[in-house]
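**Student:** Residues per chain, in single letters:
Number of protein chains: 2
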Amino acid sequence: MITATYEVPWSEHLMERAESIAIGMTIGAWDDVHPLRQKELRAFRGEVGFVTQVSAEVGRFSIHYPVQNIKPTIGSLLTVVFGKLSLDGAIRLVGLDLPAEFTQHFPGPALGLPGLRAKFGVHHRPFVMSIFKRENGARLDEFTEAFEQQLAGGVDWIKDDEIFFHDDNAPLFERIQVARKLLDERLERTGQKGFYAPNLVGTPKEILGTARAAVEQGADGFLVSPYVVGLDILIDLRREGIEVPIIAHPAFVGGTIAPHPYGIAPDILLGQLPRLAGADIVLFPSPYGSLGMNRNLALAVHQRHIEPSRVPEVVSGPSAGIHAGLIAQLIEDFGYDIVVNAGSAIHGHPHGTEAGARVLMDTVREVCHEL
Amino acid sequence: MITATYEVPWSEHLMERAESIAIGMTIGAWDDVHPLRQKELRAFRGEVGFVTQVSAEVGRFSIHYPVQNIKPTIGSLLTVVFGKLSLDGAIRLVGLDLPAEFTQHFPGPALGLPGLRAKFGVHHRPFVMSIFKRENGARLDEFTEAFEQQLAGGVDWIKDDEIFFHDDNAPLFERIQVARKLLDERLERTGQKGFYAPNLVGTPKEILGTARAAVEQGADGFLVSPYVVGLDILIDLRREGIEVPIIAHPAFVGGTIAPHPYGIAPDILLGQLPRLAGADIVLFPSPYGSLGMNRNLALAVHQRHIEPSRVPEVVSGPSAGIHAGLIAQLIEDFGYDIVVNAGSAIHGHPHGTEAGARVLMDTVREVCHEL
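Chains A and B, in that order, give the protein sequences. Okay, so the first sequence: first residue is 366 according to this note's numbering, each after it adds one. Okay, so the second sequence: first residue is 366 according to this note's numbering, each after it adds one.
Mixed in with the good hints there might be a few duds.
For chains that are exact copies, the list does not tell them apart, and a pair is met inside one copy or across any two.
[Claimed, not checked] DSS-like, lysine-lysine: derived pairs with alpha carbons at most 30 Å apart:
1. LYS546 <-> LYS436
2. LYS570 <-> LYS546
3. LYS546 <-> LYS558
4. LYS436 <-> LYS484
5. LYS484 <-> LYS558
Hints listed in this document are in silico derivations from the structure and should not be mistaken for laboratory results.
Work out the full structure, taking the sequences as your base and the hints as a guide.
**Tutor:** This is the structure we're talking about:
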């Protein structure tokens, strides 16, 4: 059974509401079904798990949904457990227990945390990623220069800004070639590996076609915003044989994970589901910096990225407004199994992008006693 | 320019915040860009439209985004205008002005309201659609019987339940064949046209493949839940040459359109965007019945479906818990350019599904003086 837990305003009629949901979201009706047919249909019927009052105002209940009712896609899962229900007044999805019988059909990350640690030889510190800024309108020579500077600063990975769509002046395949060349040069010079994740955009069909072509052109990573394109695009990318790291950006998810009493708990939507669908690196707002997610919620998201599961752990990216001054706190709270991901702090450094990247990298090494 | 309007808690520093967003979500940085380069980059730079205080607590501001920064997909649009911003505390997207320069790249509905009126010969009343219920676990003979009864009751269109995924006992292509045959028989007997919209499910790639194959098998309509799969799947379906009516189901959107101060106004997400992307019929919670969207918000969604625009009007489906007793009110509030869409009221009728469908159909005709 897939068990979903919900919070709603407490009411003495909560058991009736839960029972109506358990039937309504599975078998549609029950009492007027012939007893012989009931026997056959029982396997499709939802059941109430528990109903409880958690405070004077808040009630909580759980529903068990038969696994066979739900196709192994995130879309099908969300349509059943929080499709129509999402529109049913004040109701929030706060828990989702997915049995191996369901999760076994999902690809999970191509590399995940263990694969990325092995591939990049980074074992005793967080990864460090630099975000391109000012990409809109940038020419290829500007892209190249900024890429060189970020690399020279020693960061592991470099990704596009998620708002970078208009790339006529620095087209995707040309950026990939420049990045490939500069990464190879650095590898030869210093032994440090890295990758560049361009922003993978378009309709679902365009995204899949572009990803295939880009990998042929030497792409070794991608940035995707799966909350606008649908998380199942990650499943498709994995099934298409895309084995390079995919970074999931949280764009657009804010409205859905916003505080009670609506929407979905962030640890489900930013933690559990992108890991299952196939992201390797999952970005979310850190408790510090410019977006400031509630600390407990951010830690819960992180926990979902590294808790035991059938699919590999993913690299957790508590992001937005990260700068060197926050790194000690970030590592104290989240540990080493994260990516320190920064953009404005790097490019806005008074001594330039290379210096900004180096300060970030050195601070991470220092905190991790690598210096 | 694409103009997005936001509501946030009022602050005396709102102009600064708006300016920081206008730069941050477009060009990244401005003041430290060389004046000569500034000249070149000005075309990529966002601008603040207005900043105003609407009440003691609420401020409103607008940002103009250059059209060229945004690719013509819903995903790209939402990533720029409400991607990272959706995570920026209490902020709600309340308006979105899209110029023809942008919307011209979108397919819009295949048929829309005018095309559906012409195709089905229904001109002076709302369309009537019946929703399958109790589909999980149903056998093909049960599907056939329920389909016959709904048709016999005289409804125009019949659609799957959006939670219907496990169709081993009544597979998609077999359902389509049954529906095709029964619809053709009724057309010959009574002259009344109709269509059947099966639930189109899977990953984006699976959805596109299934849609093509299903149309070859005689499918003449589809139900899609675009808020879990991403609205751009509609663009892909249109581009694939799928010209049958597509019904957009609001599953999962509740968390994002929930009341202030987060998320997105429902008229944007359930009104403006699915019409642009390519839905023909857009379902949303009516102010009555079982979900009960705020009446003004539901009317605003409807208005978006029929207001003048570059793409055809779509059929508006104020839904959920609709029964005969609500039809007069529904038509008084929303007019004729809607689909009256019901499920439980039809199948739960004491004299059976056919009687339930007939009561609904007769009531619509009666209210519209067709009886």
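**Student:** From the Cα coordinates, with 30 Å as the cut-off, is the pair LYS546 and LYS436 best called within, between, both, or neither?
**Tutor:** between (42 Å within a copy, 28 Å between copies)
**Student:** Regarding LYS436 and LYS484, is the shortest C-alpha distance of 30 Å or less found within a copy, between copies, in both, or in neither?
**Tutor:** neither (33 Å within a copy, 34 Å between copies)
**Student:** Go through the copies and call it for LYS484 and LYS558: within, between, both or neither, with a Cα cutoff of 30 Å.
**Tutor:** Result: close within a single copy only, 8 Å intra versus 60 Å inter.
**Student:** Is the C-alpha distance from LYS546 to LYS558 at most 30 Å within one copy, between copies, in both cases, or in neither?
**Tutor:** within (12 Å within a copy, 61 Å between copies)
**Student:** For LYS570 and LYS546, with the copy left unspecified, which applies at a CA distance of at most 30 Å: within, between, both, or neither?
**Tutor:** within (29 Å within a copy, 33 Å between copies)
In summary, the structure is inconsistent with hint 4 from the numbered list given earlier, while agreeing with all the others.
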